[in-house]
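S.K.: Could you build all of it, start to finish, from the sequences and the hints given here?
From first to last, the protein sequence lines are chains P and R.
At position 308 of the first sequence (counting the first as 1) the number is 308 in my numbering, and the numbers step up by one without a gap.
Quick note: to get my numbering, add 477 to the position in the second sequence (first position is 1).
Just so you know, these hints were derived from the structure itself, not from any lab.
Heads up, a few of these hints could be off.
Reference excerpt, derived from the structure (chain R facing chain P, CB under 8 Å, subset only) [to be verified]:
#1 Tyr507
#2 Ala862
#3 Tyr864
#4 Met875
Straight-line alpha carbon distances no greater than 27 Å define the calculated DSSO-like cross-link-like pairs of lysine-lysine that follow [stated by the list, open to error]:
#5 Lys698/R <-> Lys355/P
#6 Lys320/P <-> Lys878/R
#7 Lys731/R <-> Lys320/P
#8 Lys355/P <-> Lys881/R
Which residues of chain P face chain R? A few of them, derived with a C-beta cut under 10 Å, are [claimed, not checked]:
#9 Phe21
#10 Asp315
#11 Thr354
#12 Thr371
#13 Pro372
Quick caveat, the model's predicted, so the values are computed rather than measured.
Each residue gets a CB set at the ideal place from its N, CA and C atoms; glycine is no exception.
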Amino acid sequence: MRKLCLYFQVHQPFRLRRYRFFDIGNDHYYYDDYLNESVMKKVAERSYLPTNKIMIDLLNKYKDFKVAFSISGMALEQFELYAPEVLDSFRALAAHPNVELLDETYNHSLASLANKDEFIRQVKEHRAAMKKYFGVTPRVFRNTELIYSDEIGATVAEMGYEGLLTEGAKHVLGWKSPNYLYCNAINPRLKVLLKNFTLSDDIAFRFSDQNWAEWPLTAEKFAGWLREIPAREEVVGLFMDYETFGEHQWKETGIFEFLEALPEKVLGTTDFVFSTPIEAIEELQPVSDISVPHPISWADEERDLTAWLGNELQDEAFGKLYALHEEIRKIKDPGILKDWCYLQASDHFYYMCTKFFSDGAVHSYFNPYDTPYDAFINFMNVMSDFEIRVHTAVPAREKSPELARLTKLLKEKENEVKKYQDELIKYKGGDKLTTEKTASKKKKASVSSRKKTTVKKKTTAKKSSPGSRKKTSSSGK
Amino acid sequence: MKVLMFGWEFPPHISGGLGTASYGLTKGLYAAGGVDILFVVPKAYGDEDQSKVKVLGASEVNVRKHFYHFDELRAQMSYLEVHSDIVPYTDPDEFWQLKKKEVSSRRWYVQTDEEGRLPFSGKYGSDLLDEIARYALVASAIAAEYDFDVIHAHDWLAYPAGMAAKEVSGKPLVIHVHATDFDRSRGNVNPQVYEIEKRGMDAADKIIAVSNLTRNTIIEKYHIPPEKVVTVYNAVEPLQLNKENFSQRSIPDKIVTFLGRITMQKGPEYFVEAAVRVLQKMNGVRFVMAGSGDMMYKMISLVASEKIADHFHFTGFLKGDDVYNMLLQSDVYVMPSVSEPFGISPLEALQSDVPVIISHQSGVAEILTHALKVNYWDIDAMADAIYGVLNYPALTTMFRKYGKEEVNQLKWENSARKVKEIYESLTQV
Numbered sequence: 001m002r003k004l005c006l007y008f009q010v011h012q013p014f015r016l017r018r019y020r021f022f023d024i025g026n027d028h029y030y031y032d033d034y035l036n037e038s039v040m041k042k043v044a045e046r047s048y049l050p051t052n053k054i055m056i057d058l059l060n061k062y063k064d065f066k067v068a069f070s071i072s073g074m075a076l077e078q079f080e081l082y083a084p085e086v087l088d089s090f091r092a093l094a095a096h097p098n099v100e101l102l103d104e105t106y107n108h109s110l111a112s113l114a115n116k117d118e119f120i121r122q123v124k125e126h127r128a129a130m131k132k133y134f135g136v137t138p139r140v141f142r143n144t145e146l147i148y149s150d151e152i153g154a155t156v157a158e159m160g161y162e163g164l165l166t167e168g169a170k171h172v173l174g175w176k177s178p179n180y181l182y183c184n185a186i187n188p189r190l191k192v193l194l195k196n197f198t199l200s201d202d203i204a205f206r207f208s209d210q211n212w213a214e215w216p217l218t219a220e221k222f223a224g225w226l227r228e229i230p231a232r233e234e235v236v237g238l239f240m241d242y243e244t245f246g247e248h249q250w251k252e253t254g255i256f257e258f259l260e261a262l263p264e265k266v267l268g269t270t271d272f273v274f275s276t277p278i279e280a281i282e283e284l285q286p287v288s289d290i291s292v293p294h295p296i297s298w299a300d301e302e303r304d305l306t307a308w309l310g311n312e313l314q315d316e317a318f319g320k321l322y323a324l325h326e327e328i329r330k331i332k333d334p335g336i337l338k339d340w341c342y343l344q345a346s347d348h349f350y351y352m353c354t355k356f357f358s359d360g361a362v363h364s365y366f367n368p369y370d371t372p373y374d375a376f377i378n379f380m381n382v383m384s385d386f387e388i389r390v391h392t393a394v395p396a397r398e399k400s401p402e403l404a405r406l407t408k409l410l411k412e413k414e415n416e417v418k419k420y421q422d423e424l425i426k427y428k429g430g431d432k433l434t435t436e437k438t439a440s441k442k443k444k445a446s447v448s449s450r451k452k453t454t455v456k457k458k459t460t461a462k463k464s465s466p467g468s469r470k471k472t473s474s475s476g477k
Numbered sequence: 478m479k480v481l482m483f484g485w486e487f488p489p490h491i492s493g494g495l496g497t498a499s500y501g502l503t504k505g506l507y508a509a510g511g512v513d514i515l516f517v518v519p520k521a522y523g524d525e526d527q528s529k530v531k532v533l534g535a536s537e538v539n540v541r542k543h544f545y546h547f548d549e550l551r552a553q554m555s556y557l558e559v560h561s562d563i564v565p566y567t568d569p570d571e572f573w574q575l576k577k578k579e580v581s582s583r584r585w586y587v588q589t590d591e592e593g594r595l596p597f598s599g600k601y602g603s604d605l606l607d608e609i610a611r612y613a614l615v616a617s618a619i620a621a622e623y624d625f626d627v628i629h630a631h632d633w634l635a636y637p638a639g640m641a642a643k644e645v646s647g648k649p650l651v652i653h654v655h656a657t658d659f660d661r662s663r664g665n666v667n668p669q670v671y672e673i674e675k676r677g678m679d680a681a682d683k684i685i686a687v688s689n690l691t692r693n694t695i696i697e698k699y700h701i702p703p704e705k706v707v708t709v710y711n712a713v714e715p716l717q718l719n720k721e722n723f724s725q726r727s728i729p730d731k732i733v734t735f736l737g738r739i740t741m742q743k744g745p746e747y748f749v750e751a752a753v754r755v756l757q758k759m760n761g762v763r764f765v766m767a768g769s770g771d772m773m774y775k776m777i778s779l780v781a782s783e784k785i786a787d788h789f790h791f792t793g794f795l796k797g798d799d800v801y802n803m804l805l806q807s808d809v810y811v812m813p814s815v816s817e818p819f820g821i822s823p824l825e826a827l828q829s830d831v832p833v834i835i836s837h838q839s840g841v842a843e844i845l846t847h848a849l850k851v852n853y854w855d856i857d858a859m860a861d862a863i864y865g866v867l868n869y870p871a872l873t874t875m876f877r878k879y880g881k882e883e884v885n886q887l888k889w890e891n892s893a894r895k896v897k898e899i900y901e902s903l904t905q906v
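M.R.: Right, dumping it as C-alpha cells:
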C-alpha cells in the first residue's frame with residue numbers, strides 16, 4: 001500500500017504595532033495586541049475550530065485516517081492569550097494516536113540561515129513546548145517555510161531527528177519524482193520526505209480559482225489523480241498551511257466538504273493509505289540521497305528564499321537583527337529575550353518583499369503594511385530601540401570580547417595602511433623619507449578615525465580625527 | 478489632424494506645473510506624429526520654443542471686427558467682474574502686488590490699444606476673471622479665422638476660450654483638467670470658478686483628467702457622466718544631468734526638502750510639523766522649504782515659534798537649474814500636498830536620485846510604487862518616513878535602483894498617444 005502524508009502548518013506571528021521613531025528609547029512594547037487578537041480570533045473561528053472539529057470526526061470515523069501538524073511557539077502563545085479553546089482542540093487532536101506532531105523553530109524564524117547555535121536553541125525551545133503543551137517529543141522536523149539545505153539537514157540530524165519535511169522543488173529534483181523517500185546528502189540517517197507541490201497547491205492555492213481548468217475540485221477527482229501516479233511511486237506528501245481550510249479558501253468554496261469527503265475516496269478508491277511522516281520514514285527505504293547545496297523553501301514559483309531575503313531592505317534588517325546574537329547570549333533579561341524571539345519571525349521579512357508589487361495576493365495576506373517600505377521602516381524603528389536595550393543590558397565586563405574584536409580590526413587596518421605605504425613607495429620611486437612620514441601620519445589618522453566610528457563612547461579622549469587627513473589616506477589608493 | 482489648443486502658460490514663462498505639462502504633451506503629440514497644433518496662450522513673449530508649436534499671442538489678433546461675440550459672452554460672464562479673491566496659479570510676488578490694491582467691483586470693458594489689439598499680461602492676477610473673458614473673446618476670433626479639427630483647452634482658465642471656439646466652429650472640444658478648484662481651495666470652492674469649470678466640463682465632448690483622483694472629483698463633484706472622463710497620466714521629460722555642473726554639498730548634515738509653491742494646496746504646515754518631530758529625535762538634519770507663496774510668512778513664523786529656525790531654511794522661489802541644484806543636495810524630497818491632481822516634481826526628484834515621500838492625496842501616488850506614501854494630515858507617519866529614509870540607508874538604495882527605472886517608463890509619447898486616440902474617437906463620429 002502506498003502512503004499519503006497529510007501535514008499542516010499552524011502559525012501566527014506577533015505582528016508589530018505602528019512603531020514611530022519617537023518611540024525609540026521611550027517605549028519598549030512593540031506589538032499590536034488588537035490586531036493580533038482580532039486576527040487570531042477571526043482565524044480561530046473561520047479555520048482552526050471548524051477544521052479541528054472535522055479532523056476529530058474523521059479520525060474517529062476512519063481508523064486509517066492519519067494527519068500531522070506542526071504548531072509554532074508563537075501560535076501556541078497566542079492561542080493561550082486569545083483563543084484557549086483552540087489550544088484545547090489541538091490538545092484533543094494531539095492525544096489521538098493517529099496524529100503526529102512535528103518540531104520546528106519555536107519562533108518560526110530564519111535562524112537556520114543565520115546562526116547555527118541560535119537555530120538549535122530555538123528548536124530545543126520548541127521541543128520543550130511540545131512536551132509542555134502536548135506531552136509529546138517529536139521525532140520528525142520541519143523547518144520554517146520548509147527551508148532546507150544539506151547543511152541544515154545535517155544540523156537537524158545532529159539533534160537526533162529521524163526525518164525532515166521539505167519542498168519537492170523541481171530545480172532540485174530534476175527528473176526525479178518527489179514521491180519517494182530520500183535521505184540527507186551529508187548524514188544519510190536523516191530521511192527527507194518531500195512535498196508533492198502540484199497536488200498540494202491544487203488544494204492550497206488553486207482550489208477556489210474559477211479560471212483553473214480543473215475547477216471545481218472534488219474528492220473524486222483528486223482521488224483519480226492519486227490513482228494516476230505511477231504504481232512504483234511510494235509516498236505522496238500533501239503539505240500546506242492549516243489556514244487553507246476556511247481562511248485562504250473560505251468555507252463557501254466547499255473546502256470543508258472536500259476535506260470531509262477525501263478520506264473515504266482515498267481509502268475506498270485508491271491503493272493509498274494515510275500515513276504519518278514518522279511511519280513513512282520507518283517503513284520506507286530511501287531511494288537515494290538528495291543534494292540541496294542552496295537553500296530551498298515552499299514559497300512562490302521560485303521555491304527559494306527571495307520571499308524573505310535578497311532585496312536591500314530584507315538583507316539590511318536581517319543583518320542588523322542577527323548582528324545582535326553575540327550580545328544576546330549574555331543577556332538574562334526575559335523581556336529582551338522574548339522580543340528577540342518575536343522579532344525573528346520570518347513574517348517580518350516577508351512583509352518587506354518587493355517581488356510582488358504587481359500581484360501581491362499571497363504576500364498581502366494578513367499583511368498589516370501598505371508597502372514593503374512601510375514594513376521596513378517600522379521594523380527598523382523597532383530594531384533601533386531593541387538594539388539600544390541590548391547594548392545597555394550587556395554588562396560592561398562582558399564587552400571585552402567586543403573590544404578584542406575591535407583591536408583585531410584595528411590591526412587589520414594597520415596592515416592595510418602598510419600595504420598602501422608600500423604602494424606609495426612604488427609609485428613615488430623610493431623617496432623614502434617623505435613617504436614614511438606621510439604614511440605614519442596616515443596611520444595615525446585612520447586608526448583614530450576608525451576608533452571614532454566603532455567605539456564611539458570609549459574614545460572620547462582621542463577625539464582628534466581630522467576629516468581632511470582621512471581623505472588624503474583614501475586618495476592615496 | 479489639426480488641433481487648436483488653448484493654454485495659459487508655456488515654457489519658459491511658467492509659474493506652475495501646467496506650463497510644463499502643456500509643453501510635454503504637445504511635444505509628445507508631435508513625436509507621436511500626425512498631429513498639428515495651434516497653441517494659443519495669452520500674451521506671447523516671443524522666445525518660446527517655436528520649432529514645435531506655433532505660438533499665437535492672443536493679443537496679436539485684431540479683435541475689432543469680432544465684437545459680435547462679445548455681447549453674448551458678457552451676458553454669461555458679466556457677474557464675474559466682481560472680486561476675484563482666489564487666484565489659482567500665481568507668481569507669488571505679482572499676486573501680492575495685485576492683492577495690495579484690492580480692486581473692488583470693476584466695470585467690464587475691453588481695453589484695446591490703438592491697433593485694436595487686446596493687451597494681455599500673461600500672468601495670473603487679480604483681474605484674472607476679466608482676462609479669462611477677454612481670452613475667450615479672442616478665442617472665438619481665432620476659431621473663425623483658422624482651420625482645425627479638434628479643440629483642446631488646458632485647465633479652467635482656458636475653458637471659456639475652448640467653449641467660445643467650439644461655438645464658432647462646431648468642432649469637438651476636449652478639456653484637460655490639470656486641477657479643479659477643490660484641489661486649490663481645500664474645499665472652500667469659489668462658486669464663480671466652479672461655475673466656469675462646470676460649464677466647461679458640460680460643454681466638452683471629452684474630458685481628460687490627469688489622475689483617477691481628479692477623475693473622481695470630476696465625476697462626484699461636477700456630476701459628469703463617468704464615460705465622458707478619461708484618465709491620462711502626465712509624464713516627465715528624460716533628464717540628463719551633469720552633476721559636475723552643480724555645486725557640491727557644503728554641509729555634512731542630511732537635507733530634507735520641500736519644493737513647490739507655499740500655498741494651502743501643498744500642505745507646507747504639515748512639513749514644518751513633521752520637521753519639528755524629526756528634530757526632537759535626531760541631530761545633523763536640516764529642512765529646506767524651497768519656493769514661495771502666500772503662506773510663506775506664516776510658515777516662517779511657525780518655524781520661529783517652534784524654535785527650529787536654526788535647522789529650517791527658506792530659499793524663496795527657485796528657477797531652472799536651481800531646482801536641480803537643490804534636489805541634488807537633498808537626501809529626501811517630501812510632497813505633503815493636501816490635494817495634488819498629479820504632481821510632476823516627485824518624478825523630477827526621483828530622476829535626480831532623491832527618494833520621495835508623497836501624500837496619498839496626490840495623483841502621482843497612483844503610479845509610483847517605489848515611494849513612501851503617507852496621508853498629508855498624518856504628521857507622525859510623515860516624520861517617521863523622513864526618519865526612516867535618513868537613518869536606514871537600504872531604503873535610499875532601493876529607491877535609487879527601482880524608482881528611477883520606474884520614472885523612466887513614464888514617457889510623454891505614451892500619454893500623447895492616448896490623447897491622440899481621444900482626438901480620433903471624436904473626429905470619426
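S.K.: All hints are to be evaluated individually against the structure, with a verdict given for each.
M.R.: Consistency of the hints with the structure:
| no. | hint | result |
| --- | --- | --- |
| 1 | Tyr507 | violated, 33 Å |
| 2 | Ala862 | holds, 7 Å |
| 3 | Tyr864 | holds, 4 Å |
| 4 | Met875 | holds, 5 Å |
| 5 | Lys698/R <-> Lys355/P | violated, 38 Å |
| 6 | Lys320/P <-> Lys878/R | holds, 21 Å |
| 7 | Lys731/R <-> Lys320/P | holds, 22 Å |
| 8 | Lys355/P <-> Lys881/R | holds, 17 Å |
| 9 | Phe21 | holds, 4 Å |
| 10 | Asp315 | holds, 7 Å |
| 11 | Thr354 | holds, 7 Å |
| 12 | Thr371 | holds, 7 Å |
| 13 | Pro372 | holds, 9 Å |
Violation of the numbered hints given earlier is confined to hints 1, 5; the remaining hints are satisfied by the structure.
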